[in-house]
Amino acid sequence: MRHTFAVHVEDTPGVLNRVASLFRRRAFNIESLTVGHTETAGVSRMTIVADTDDHGALRLEANLYKLVNVLRVDDITVRPSVQRDLAMIKVAATPETRTHVMQLVDVFRARVIDVAPDSVIIEATGPEDKIDGLVEVLRQYGVIEMVRTGCVAMARGPKIGGLGDGVERGTQVADDAPADDSNVSYSV
Amino acid sequence: MKRTGAQILWEALIREGVSTVFGYPGGAILPAYDAMLEFPIQHVLVRHEQGATHMADGYARAGGGVGVAVATSGPGATNMVTGIATAMLDSSPMVCITGQVGGKLIGSDAFQETDITGVTLPITKHNYLVSRPQDVARTVKEAFYVAKSGRPGPVLLDITKDAQQSSCEVEWDDSEVTLPGYRPDLRATQEVYQRAIDMINEAKRPIIFAGHGIMLSGAMDVVRAIAERANIPVAMTLLGIGGFPARHPLNLGMMGMHGEAWVNSAIQEADLLLAFGMRFDDRVTGNLATYAQNAKKIHIDIDPAEFNKNVKVDVPLTGDLRTVLEEILPHVAEGDRSSWRAAIEEMKGDCAVRDIQNLPDSGHLYAAHVINDLWRVTDGDAIVVTDVGQHQMWEAQYYHHDHPRSLITSGGLGTMGFALPAAIGAKFACPDKEVWAVVGDGGFQMTQAELATIAQEQIKVNVAIINNGYLGMVRQWQEFFYDRRYAATPLLNPDFVKLAEAYGLSGMAVTKRAGVVPGVEAAREHAGAVILEFKVEQEDSVFPMVPAGAALDKMIRRPNPIVETAAD
Ligand SMILES: Cc1cc2nc3c(=O)[nH]c(=O)nc-3n(C[C@H](O)[C@H](O)[C@H](O)COP(=O)(O)OP(=O)(O)OC[C@H]3O[C@@H](n4cnc5c(N)ncnc54)[C@H](O)[C@@H]3O)c2cc1C
Ligand SMILES: Cc1ncc(C[n+]2csc(CCOP(=O)(O)OP(=O)(O)O)c2C)c(N)n1
Ligand SMILES: [Mg+2]
Numbered sequence: 708m709r710h711t712f713a714v715h716v717e718d719t720p721g722v723l724n725r726v727a728s729l730f731r732r733r734a735f736n737i738e739s740l741t742v743g744h745t746e747t748a749g750v751s752r753m754t755i756v757a758d759t760d761d762h763g764a765l766r767l768e769a770n771l772y773k774l775v776n777v778l779r780v781d782d783i784t785v786r787p788s789v790q791r792d793l794a795m796i797k798v799a800a801t802p803e804t805r806t807h808v809m810q811l812v813d814v815f816r817a818r819v820i821d822v823a824p825d826s827v828i829i830e831a832t833g834p835e836d837k838i839d840g841l842v843e844v845l846r847q848y849g850v851i852e853m854v855r856t857g858c859v860a861m862a863r864g865p866k867i868g869g870l871g872d873g874v875e876r877g878t879q880v881a882d883d884a885p886a887d888d889s890n891v892s893y894s895v
Numbered sequence: 158m159k160r161t162g163a164q165i166l167w168e169a170l171i172r173e174g175v176s177t178v179f180g181y182p183g184g185a186i187l188p189a190y191d192a193m194l195e196f197p198i199q200h201v202l203v204r205h206e207q208g209a210t211h212m213a214d215g216y217a218r219a220g221g222g223v224g225v226a227v228a229t230s231g232p233g234a235t236n237m238v239t240g241i242a243t244a245m246l247d248s249s250p251m252v253c254i255t256g257q258v259g260g261k262l263i264g265s266d267a268f269q270e271t272d273i274t275g276v277t278l279p280i281t282k283h284n285y286l287v288s289r290p291q292d293v294a295r296t297v298k299e300a301f302y303v304a305k306s307g308r309p310g311p312v313l314l315d316i317t318k319d320a321q322q323s324s325c326e327v328e329w330d331d332s333e334v335t336l337p338g339y340r341p342d343l344r345a346t347q348e349v350y351q352r353a354i355d356m357i358n359e360a361k362r363p364i365i366f367a368g369h370g371i372m373l374s375g376a377m378d379v380v381r382a383i384a385e386r387a388n389i390p391v392a393m394t395l396l397g398i399g400g401f402p403a404r405h406p407l408n409l410g411m412m413g414m415h416g417e418a419w420v421n422s423a424i425q426e427a428d429l430l431l432a433f434g435m436r437f438d439d440r441v442t443g444n445l446a447t448y449a450q451n452a453k454k455i456h457i458d459i460d461p462a463e464f465n466k467n468v469k470v471d472v473p474l475t476g477d478l479r480t481v482l483e484e485i486l487p488h489v490a491e492g493d494r495s496s497w498r499a500a501i502e503e504m505k506g507d508c509a510v511r512d513i514q515n516l517p518d519s520g521h522l523y524a525a526h527v528i529n530d531l532w533r534v535t536d537g538d539a540i541v542v543t544d545v546g547q548h549q550m551w552e553a554q555y556y557h558h559d560h561p562r563s564l565i566t567s568g569g570l571g572t573m574g575f576a577l578p579a580a581i582g583a584k585f586a587c588p589d590k591e592v593w594a595v596v597g598d599g600g601f602q603m604t605q606a607e608l609a610t611i612a613q614e615q616i617k618v619n620v621a622i623i624n625n626g627y628l629g630m631v632r633q634w635q636e637f638f639y640d641r642r643y644a645a646t647p648l649l650n651p652d653f654v655k656l657a658e659a660y661g662l663s664g665m666a667v668t669k670r671a672g673v674v675p676g677v678e679a680a681r682e683h684a685g686a687v688i689l690e691f692k693v694e695q696e697d698s699v700f701p702m703v704p705a706g707a708a709l710d711k712m713i714r715r716p717n718p719i720v721e722t723a724a725d
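First to last, the protein sequences are chains A and B. According to this note's numbering, the first sequence is numbered sequentially starting from 708. According to this note's numbering, the second sequence is numbered sequentially starting from 158.
Only chain A is shown next, with the shape it has when bound in the complex (with noise of 0.2 angstroms):
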């Protein structure tokens, strides 16, 4: 099963590195890793989606606890979240060919972002199944480059706590609810 964690970490040299050698130390497979600057100074925020069951995701929350540099954790598949990828994607567009390919990017309400004489780069943001659909039917037309974001995602609702006060956490068993955590003060 899919697993998607966010991850609030300090922005010092060399975290990214820690935070991936965790999960090649302790034989997790990331799908796809994102990061980039949150709204506080100084604090990144990595979306890793990783392939593991229930109970990997709880050792994987509780191991990236002890990397010094990481804030906190949140898996937030078991929450309602938003999630979006972004792609740009080239895909060969002659004269004859383009405008179904324009139809298709208005259907998947994706942007057709630069135009040359043989191609075009199209912008599509959504939910990774949507543009792995997009991605589906335009290969017929050939798909001569594509780059995508990976998953970044958010839960929705108010924002989720933030730093522990010292109450347990990283420590649910299997089968337990997520822990409420709505006591713990943010202080990052």
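Take the hints with a grain of salt, since some may be wrong.
The list that follows gives simulated cross-link-like pairs (lysine-lysine, DSSO-like), each with its CA atoms no further than 27 angstroms apart [said to hold, decoys possible]:
1. LYS866/A to LYS773/A
2. LYS469/B to LYS773/A
3. LYS711/B to LYS505/B
4. LYS773/A to LYS466/B
5. LYS590/B to LYS617/B
6. LYS466/B to LYS505/B
7. LYS305/B to LYS159/B
8. LYS773/A to LYS298/B
9. LYS305/B to LYS773/A
10. LYS361/B to LYS711/B
11. LYS797/A to LYS837/A
12. LYS692/B to LYS617/B
Pair ranges (Cβ atoms, derived) [said to hold, decoys possible]:
13. GLN810/A to LYS469/B: 53 to 63 angstroms
14. GLU746/A to LEU336/B: 20 to 30 angstroms
15. GLU658/B to ARG731/A: 48 to 58 angstroms
16. ALA862/A to THR480/B: 31 to 41 angstroms
17. GLU852/A to GLY275/B: 26 to 36 angstroms
18. THR335/B to ILE851/A: 29 to 39 angstroms
19. LEU486/B to ARG731/A: 19 to 29 angstroms
20. GLY721/A to ALA509/B: 51 to 61 angstroms
No lab work stands behind these hints: they were computed from the structure. On a predicted model such as this, the values are computed, not experimentally measured, just so you know. Each residue gets a CB set at the ideal place from its N, CA and C atoms; glycine is no exception.
Fit chain B with the ligands to the given chain A structure using the hints.
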């Protein structure tokens, strides 16, 4: 006043209470060595940087503080890798300081440049690359805090040469370290406590598992109080030995692969396991599918990542063991549990008859005899540091440790070559204690160069070499599981007595059982270090043994006694 990074380093170390460091100089760490002369630091010059790390580790395990090892960049730093990994797997607090090439040269494949923070990333609790003198003081402080708090472990500080050489103003900050993402002080909720207490009070056949965490949290007294009040028998992991007095009537002995038969049988019968600061290593559990099926499990550990890692637990309790147990103790009901204890007594069956200690002297010298006599002569009061192999298991079985931190051994990594340097470190931490290294003929030769360190520092560490002419533990596996095909396990050894003498130390060889006690006594009385070589039975094996993958109580037992005669 302006200070160089090198000066700041030593002053920061002294502020952390450091008085002794183990190290080996070289180009990239030279500025630090030069500055060291201005500070009240005892530097122990080792013969190999691996030795420095094991010494720092032994120093920490014996004394309860943080051990410090120092090395240069490149080969000096990579020589530390084995010692760092050893400390990591056994949660030993250690700070390693390495020199690094100048900041401008990093990444250029400069002379003796190794990316040691990259290399040690998976085997340190945390590590730092320091490239400015103004970062030295704060980083040292953080390194010590991380190394010793929470679940302890090794921290490496890689300091560039220019950070050591250049100067800055220092302001010493005595405030607590704040690391926003680092929370060593996690604690469980009240509700979890109550579940644990109810389970303890209801259990009919409970066993306490005494782990290394007892030593690390200083929980000896409270563990004993709980065991005595509720009459719960105590089994120990290898690293838990000493956490509960060996001669206490509730002490069962060691569990696991080479644990005593009745301990493992009792675990399989138990209805509650109380895991106190231990991590259910595979040497402890045997086959997980058949492990302690009748027992509920309460697991108390400071590191939540240990819960449900190997064994599914019913109640995980996060926190420092002593703190948690002190909260539980007042709620533990007095209990008798005499029928459970009698049942375990029953499980001992013919174990005593099979025990080599109870066989008449056949004229042969067995390692078990050596260890047991060493225990009797030293009255169990020595710090014993073992290497890895058969002799290590015999030590665990036949030296009865009543005191915490009195058995020092590499459990998780099983690092041969650990004993001699770790014993040196232990002696520096506890100069008034009697220290023995118990080491195999194989492992001794991995770090024997540290005999020179003993000689140069003029310290009294006695060394018992258990010479069986084999890489004995591997030979045993070949005997049991590979049809006695002894591939690469027989050893041609040097004359260990002469070797000792070459280092200016005393050496003695013992070949008969009758020679053990006089040999140990002579070594104790001698002013300097003594290397005692015991020429023991060559093809002796460690029993009981749970073969890999077998259920815990399906042990290969000690053979039934064949009463030997001197002619055998
Ligand atoms: C040849 C060989 C044979 C072996 N055979 C056996 C055997 O038969 N039986 C056996 O038991 N072992 C055996 N071992 C050792 C085994 O590999 C493990 O090293 C050992 O079982 C680990 O013991 P532990 O879990 O108590 O200690 P550790 O591995 O050090 O684990 C300590 C645990 O305590 C926790 N902790 C730390 N500080 C605190 C604190 N303040 N509060 C609460 N918790 C804390 C840690 O998070 C960790 O989970 C053998 C090793 C070798 C090399
Ligand atoms: C550095 C290292 N290399 C290899 C091993 C594998 N190993 C485990 S025990 C052992 C034999 C140890 O022989 P010796 O030191 O003579 O002790 P004995 O078992 O004979 O008491 C070996 C080779 C190890 N644990 N450590
Ligand atoms: Mg040997």
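How the hints compare with the structure:
Among the hinted pairs, LYS866/A with LYS773/A is consistent with the structure: their alpha-carbon atoms are about 23 angstroms apart, no more than 27 angstroms. At most 27 angstroms may separate the alpha-carbon atoms for a hinted pair to count; LYS469/B and LYS773/A meet this at roughly 20 angstroms. For the hint pairing LYS711/B with LYS505/B, the CA-to-CA distance comes to about 15 angstroms; that is within 27 angstroms, so the pair holds. Using a Cα cut-off of 27 angstroms, the hinted pair LYS773/A and LYS466/B holds, with the two alpha carbons roughly 15 angstroms apart.
Proximity of LYS590/B to LYS617/B is assessed by CA-CA distance (about 10 angstroms); at most 27 angstroms being required, the pair is judged to hold. Taking the CA atoms of LYS466/B and LYS505/B, the gap is near 31 angstroms; set against the 27 angstroms cutoff, the hint is violated. Distance check on the hinted pair: LYS305/B and LYS159/B sit about 30 angstroms apart at the alpha-carbon level, beyond 27 angstroms; violated. Of the pairs offered as hints, the one joining LYS773/A and LYS298/B holds, with about 19 angstroms between alpha carbons and a cut-off of 27 angstroms not exceeded.
Restraint check for LYS305/B and LYS773/A: satisfied, since their Cα atoms lie roughly 14 angstroms apart, inside the 27 angstroms limit. For the hint pairing LYS361/B with LYS711/B, the CA-to-CA distance comes to about 24 angstroms; that is within 27 angstroms, so the pair holds. Pair hint LYS797/A plus LYS837/A holds up; C-alpha atoms about 17 angstroms apart against a cutoff of 27 angstroms. Between LYS692/B and LYS617/B the CA atoms are separated by roughly 23 angstroms; this keeps the pair inside 27 angstroms, and the hint holds.
Checked against the given bound of 53 to 63 angstroms, the beta carbons of GLN810/A and LYS469/B, roughly 55 angstroms apart, stay inside it. Under the hint 20 to 30 angstroms, the C-beta atoms of GLU746/A and LEU336/B, about 21 angstroms apart, fit the expected range. For the pair GLU658/B and ARG731/A, the beta carbons lie near 49 angstroms from each other, so the given range of 48 to 58 angstroms is met. At about 33 angstroms, the beta-carbon gap between ALA862/A and THR480/B stays in the expected band of 31 to 41 angstroms.
In this structure the hint that GLU852/A and GLY275/B lie 26 to 36 angstroms apart at CB holds, the actual value being about 32 angstroms. For THR335/B paired with ILE851/A, a C-beta distance near 51 angstroms fails the hint of 29 to 39 angstroms. Hint check: LEU486/B to ARG731/A, Cβ distance near 42 angstroms, so the stated range 19 to 29 angstroms is violated. Roughly 57 angstroms separates the CB atoms of GLY721/A and ALA509/B, a value that falls within the hinted 51 to 61 angstroms.
The structure shown violates the earlier hints numbered 6, 7, 18, 19.
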